[in-house]
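Model the full assembly from the supplied sequences, consistent with the hints where possible.
So you can see what is in the structure, the chains are spelled out below.
Protein chains: 2
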Amino acid sequence: MARTQGSNGQETAKRIDEVALKLFAKKGYAAVSMREIALEVGVQAGALYNHCPNKQALLTNLLADHMQALLDAWGDMELPKDPAQQLEAFVRFHIQYHLKRPDQVFISYMELRNLELDNFKKIEALRRQYEAIPKNILAAGQMAGQFNLADTHVAAMAILAQLTGVTTWYREQGRLSQQKIEDIYVQLVCQSVGITLSGGH
Amino acid sequence: MARTQGSNGQETAKRIDEVALKLFAKKGYAAVSMREIALEVGVQAGALYNHCPNKQALLTNLLADHMQALLDAWGDMELPKDPAQQLEAFVRFHIQYHLKRPDQVFISYMELRNLELDNFKKIEALRRQYEAIPKNILAAGQMAGQFNLADTHVAAMAILAQLTGVTTWYREQGRLSQQKIEDIYVQLVCQSVGITLSGGH
DNA sequence: ATGTTAAATAAACAAACGTTCATTTAATTA
DNA sequence: TAATTAAATGAACGTTTGTTTATTTAACAT
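In order, the protein sequence lines correspond to chains A and B. Using the numbering used here, the first residue of the first sequence is number 1, and each one after it goes up by one. Using the numbering used here, the first residue of the second sequence is number 1, and each one after it goes up by one.
Check before you lean on any hint, since a few could be wrong.
To be verified - Coverage of chain A stretches by chain B, computed from C-beta distances (three or more under 8 Å per stretch; other residues unrestricted):
1) 21-28
2) 110-120
3) 179-190
Stated by the list, open to error - Example chain A residues on the side facing chain B (calculated, C-beta under 10 Å, incomplete):
4) 34
5) 99
6) 162
7) 165
8) 168
Unchecked claim - Cut-off 25 Å, straight-line C-alpha distance, at most; resulting in silico cross-link-like pairs (DSS-like, lysine-lysine):
9) A:122 <-> B:26
10) A:26 <-> B:26
11) A:27 <-> B:180
12) A:81 <-> A:22
13) B:26 <-> A:22
14) A:27 <-> B:26
15) B:14 <-> B:100
16) A:121 <-> B:135
17) B:121 <-> A:22
18) A:121 <-> B:14
19) A:27 <-> B:122
20) A:26 <-> B:100
21) A:27 <-> B:81
22) A:26 <-> B:55
23) A:26 <-> B:27
24) A:81 <-> A:135
25) A:55 <-> B:27
26) B:180 <-> A:135
27) B:122 <-> A:26
28) B:27 <-> A:27
29) B:135 <-> A:180
30) B:180 <-> A:22
31) B:55 <-> A:27
32) B:27 <-> B:135
33) B:22 <-> A:26
34) A:14 <-> A:100
35) A:121 <-> B:121
Simulated from the structure, these hints should not be mistaken for lab results. Glycine is no exception: its CB is placed at the ideal position from the N, C-alpha and C atoms.
Here's what the structure looks like:
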């Protein structure tokens, strides 16, 4: 046999990305074989190479696309002026985005070490761009005297870790709705930065 | 050739564990071969099987030993009565322990998915035991009216994630001493739980 | 010294790995 | 309808994988 009826390059390429994402998230990059991906896509292993140069590129593209989409999504938000409100907006944004794309998030944190050096540098740069978001918000709030932080850099990393951690225990059918979880985290984070309400409420 | 001069079973077994830990942490379980471990130990691959039944057991033992040692270490601490002081003690304990054993901690969070079901259950049970520590502290503080938390379970998970996150950015030669980092986190965490000082200070 | 056990080697195993390639068929264009 | 391009197949490539085994040597006990 050869080219199959109804086969379509663009669709297959998309399916490959979807399957690779799912399997990488579930078992880890190194533990997933090209044959396994091909099987789930419904194609022979060799056919994968019509759509991507190699396994490493598959991972790199998934990570790069995710990080870029994440940055773009934040860029599309219109930001309040008040740092405290920005912080709340960020907390909700991060949780929403991460719970909506748990697999992408997961591999972005787990599979960095499986990237070859050049690919790693590219992704790492995007990641630092994202980390700059809460960092800048905290710095602004601290400068304005609204926050009470011993170290804005550490606080930013701590908040990010704490927010991203949601994905490790959140269950769709769990005790708490996503909305409720957001609320809880907003309170936690706001308390942790020691928010002082700046008059006028 | 065969048995080498000066060879010693106990020492080799220890070396194997050390090397496996180091390599698993650096490259991930699935990406490390038995031959790679053997090479670093200074032995042929087959010799590994004089000291462990298989690769999976190597990982399982590393994780189980670490989790048990972690629980034991906390068990050895003498605890203050006040929940707020307990919380501070836990924050410092967790950071100290995790920064002292970054590889063990790392694989405990990264390699769970590479465990076969039975092994996974065993490790997961130990992990939940550890998670119960901050959970109970927060519940006690909340009950005593000292903390201000919307949800003690979520708060416990958030605090754990945030503390463990230290290992991702901490550098021995970095800007901040370990002591200073502890202080920063103590402040962050105490603020996040909304500590109310319970009279008498 | 001798016999036994412990701890290695080196070779081999089948299976799985990422990737390539000649070939074949379907879809598209002329 | 014929020629061309796109998208598969399936077999093969050389490596590498985890693990086993027969064999050999060192360490230790008697």
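Structure-based check of all given hints:
1. 21-28: It holds: at least three residues are needed, and the region 21-28 of chain A offers 3 whose Cβ sits within less than 8 Å of chain B.
2. 110-120: holds (count 3)
3. 179-190: With 7 residues close enough to chain B, the hint holds.
4. 34: violated, 14 Å
5. 99: With a minimum Cβ separation of about 13 Å from chain B (threshold 10 Å), the hint on residue 99 of chain A is violated.
6. 162: holds, 4 Å
7. 165: Since the shortest Cβ distance to chain B is 3 Å, the answer is holds.
8. 168: holds, 7 Å
9. A:122 <-> B:26: Holds, at about 20 Å.
10. A:26 <-> B:26: holds, 20 Å
11. A:27 <-> B:180: violated, 37 Å
12. A:81 <-> A:22: violated, 38 Å
13. B:26 <-> A:22: At roughly 23 Å apart (the allowed maximum being 25 Å), residue 22 of chain A and residue 26 of chain B satisfy the hint.
14. A:27 <-> B:26: holds, 17 Å
15. B:14 <-> B:100: holds, 19 Å
16. A:121 <-> B:135: Outside the cut-off at roughly 38 Å; violated.
17. B:121 <-> A:22: holds, 23 Å
18. A:121 <-> B:14: violated, 35 Å
19. A:27 <-> B:122: holds, 19 Å
20. A:26 <-> B:100: violated, 29 Å
21. A:27 <-> B:81: violated, 43 Å
22. A:26 <-> B:55: holds, 20 Å
23. A:26 <-> B:27: holds, 17 Å
24. A:81 <-> A:135: Roughly 16 Å separates the two Cα atoms, so the pair holds.
25. A:55 <-> B:27: Roughly 17 Å separates the two Cα atoms, so the pair holds.
26. B:180 <-> A:135: Holds, because 19 Å separates the two Cα atoms, which is no more than 25 Å.
27. B:122 <-> A:26: holds, 20 Å
28. B:27 <-> A:27: Given that 25 Å is the threshold and the Cα spacing comes to 15 Å, the pair holds.
29. B:135 <-> A:180: holds, 19 Å
30. B:180 <-> A:22: violated, 40 Å
31. B:55 <-> A:27: holds, 17 Å
32. B:27 <-> B:135: violated, 32 Å
33. B:22 <-> A:26: holds, 23 Å
34. A:14 <-> A:100: Within the cut-off at roughly 19 Å; holds.
35. A:121 <-> B:121: The hint is violated at about 36 Å.
Violated hints, listed in ascending order, are 4, 5, 11, 12, 16, 18, 20, 21, 30, 32 and 35; each of the other numbered hints is respected by the structure.
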